[in-house]
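Colleague: Here are the chains, one letter per residue:
2 protein chains.
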Amino acid sequence: MTDVVHNTYGASAGFVTTQRVELFDAMRPLVLDSGVELAPIEVAYETYGELNADRSNAIVICHALTGDAHAAGHHGDPTRPGWWDNFIGPRKPVDTDRFFVICANLLGGCMGTTGPSSVNPATEQPYGLRFPLFTVGDMVSVHRALITHLGIDRLHAAIGGSLGGMQVLHWAMEHPDEIGAAVMVCATSRLTAQNIAFSAVAREAIMRDPNFHGGDYQRIGARPDAGLAVARMMAHITYLSEEGMREKFGRRLQNGTTPRFGFDVDFQVESYLHHQGEVFLRRFDANSYLYLTRAMDYFDPFDDMLQAAPKLERLHAPFLVVSFDSDWRFDTAHSRDVVRVLAAHRVPVTFREIASPHGHDSFLLVLPEYHRTVADFLGRPTAAGSTRSARAA
Amino acid sequence: MTDVVHNTYGASAGFVTTQRVELFDAMRPLVLDSGVELAPIEVAYETYGELNADRSNAIVICHALTGDAHAAGHHGDPTRPGWWDNFIGPRKPVDTDRFFVICANLLGGCMGTTGPSSVNPATEQPYGLRFPLFTVGDMVSVHRALITHLGIDRLHAAIGGSLGGMQVLHWAMEHPDEIGAAVMVCATSRLTAQNIAFSAVAREAIMRDPNFHGGDYQRIGARPDAGLAVARMMAHITYLSEEGMREKFGRRLQNGTTPRFGFDVDFQVESYLHHQGEVFLRRFDANSYLYLTRAMDYFDPFDDMLQAAPKLERLHAPFLVVSFDSDWRFDTAHSRDVVRVLAAHRVPVTFREIASPHGHDSFLLVLPEYHRTVADFLGRPTAAGSTRSARAA
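Respectively, the protein sequence lines represent chains A and B.
Counting from 33, one number per residue, gives the positions in the first sequence under our numbering.
Counting from 33, one number per residue, gives the positions in the second sequence under our numbering.
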């Protein structure tokens, strides 16, 4: 139960800066799954480690709903590292002494990559809800354009947690030759009704906020902060486990033992959620929240198995699928479903359910069994290239 | 799994009207747990069946968070019966051929009993957040005044689901001589951190709504509908089980099989929640939602066992504690905790976990095993009065 270290350990990827590149242009726009064309697309990304001479050691990290490009290292203050700094760095599970690691902000995000809060060059106004709807596949299209820009045509691995894992699954299914190995952590191939329900209520909270103004709040100079904070607080309940919340907060009061009997924050769990809501407002855009959660709702690559089966049969990259036993956002059943379909199509798949009381958020924590499992998996030969020779030898 | 009948069965309690009575007055106000005095208190209630000559066959039904006095029968349209009409009526589990059944809207409610939406006689304005904070115990004080008004000093039984069961527990512990038997369905002796978290986010949704105006929305002629609808939608997710939602909605779309790829309602589960939110706005007051959920947060009668133990030792009324295996709002662990404490103090307690895929809402449905269990329990001799003679015989 206490087999977790919240601090990072070992060496960090060190000082890094977020880079920006403009991909696609009016002549060669990104054609979204909807058929709509989008260009240009600015992409914010970071890299850690060195690309080797044959460009075979690249790993892409796909981030989750509210992540960003700043996965590891620091921007000047080593005490404020990237969101997955405990996972990426020298001698860490994603070892930057061996791998060239890339993490880009998602299409539709609000941390440097083009999204609904970006200015539409055609109108010189923020897109708002005029930004085109996009899919998990479209997110992957932008990642692919980025690695092409970096001169890489095949990844040693793609790794992602939650929505990140959904991108990894899509990428591997649609472009199997580009992915040497795939790691999906606490992810899913499709949301359940309850998953969709939570996302739907979060969106309602945002869209019903009178300051939402049909998504044009930026133009008007307003912010749907009430709705966005409520969305975030509710989501946070699903990121922690019941057990984890009980251990962390129980029924303890914020100040001593005397209840204040009012509607202000009194229980510690209220204070925690309140803080999470406030911090989120400083860094996230409400429209991005709508677009990204909606893309998750619609993702369902195994829905039509007549279409999926031939793709899965061309897929030889080994998969590592990891779940956490207390995760109820995407519980182990989600991972088992993915494993079942992959295995049925002879995709080499390793599955681990890790014991952790920390719910969905476990994927961001230092759980030794989890980190060892990923490190071991990445250390193994991959499906093609040098690996195939190794097998042949 | 399909062992459930959604329709009512058998005879109804028939045509009923909601009655109103004013209890307490300036000379003899209700002294709340906080020490604040409140008077007068109007109470809306209904009764079903006939009180017998020795006034020994009365049963009080304590309703849950958003219930009202209209538990059974109908107000003129037999197709729109009370909220527990499948449970209360001739030859139903709470058999109105045998029992005189009383159901009153809670203190602090908004369905006829004095609450924050009532007009404060001192100011001739709605109370709003000037309504005093109150506890589950204060709700019980009002119920007790009502039965005194009806000439009853001891109940054959008190029955309640969810918050209703919490009132039953309080009543039995504090006034053991007044309760012949106690039925707690999907209830709890205290909310967990996760339970409080959901309530806290619901309150945040209401209080952050710009139309809330610090609780004075009535005076201003506004309504925090956005916040209240979001609160209700979120709560509804916790009333259904994951499994129940999957069976009822799955990933089915509202209109055919072609996704609309937008932010309007598309999945059936979204449509359901949307509808629940809208219907709720017509019947519930946002301030009542704040007060009632806050009273639930603070309820914790077993917190101080030095105080609780002597009360439990004076408690001889048999208890029936019922949970539902798919309920995750107040799961079986909540009921087991209540049972453990009661049994440790030699309170006669029967515990049943009923199999049902319908989550917390199961308590409102016709599940034969559940209904049989309650009917059997109420048919048994109770702890005192005629019963005690029967035992002695």
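Worth double-checking, as some hints may not be accurate.
All copies of an identical chain are treated as equivalent in the list; a pair is satisfied when it fits inside any one copy or across any two copies.
Claimed, not checked - Keeping only pairs whose Cα atoms sit at most 20 Å apart, straight-line, the calculated DMTMM-like set for lysine to aspartate or glutamate is:
(1) Lys343 to Asp408
(2) Lys343 to Glu210
(3) Lys280 to Glu210
(4) Lys280 to Asp248
(5) Lys280 to Asp332
(6) Lys343 to Asp57
Note that these hints are calculated values from the structure, not bench results.
Owing to the predicted nature of the structure, the values given are computational and were not obtained by experimental measurement.
Colleague: Taking the hints in turn, state whether each one holds.
Modeller: Taking the hints in turn, this is what the structure says about them:
1. Lys343 to Asp408: Cα proximity of Lys343 and Asp408: none, with 27 Å in one copy and 59 Å across.
2. Lys343 to Glu210: Within one copy only: 13 Å inside a chain, 70 Å across chains, cut-off 20 Å.
3. Lys280 to Glu210: neither (42 Å within a copy, 40 Å between copies)
4. Lys280 to Asp248: neither (39 Å within a copy, 36 Å between copies)
5. Lys280 to Asp332: Classified as between: cross-chain Cα gap 19 Å, same-chain 35 Å, threshold 20 Å.
6. Lys343 to Asp57: Neither: 30 Å inside a copy, 76 Å across copies.
Hint compliance for this structure: hints 1, 3, 4 and 6 are not met, and every other hint is.
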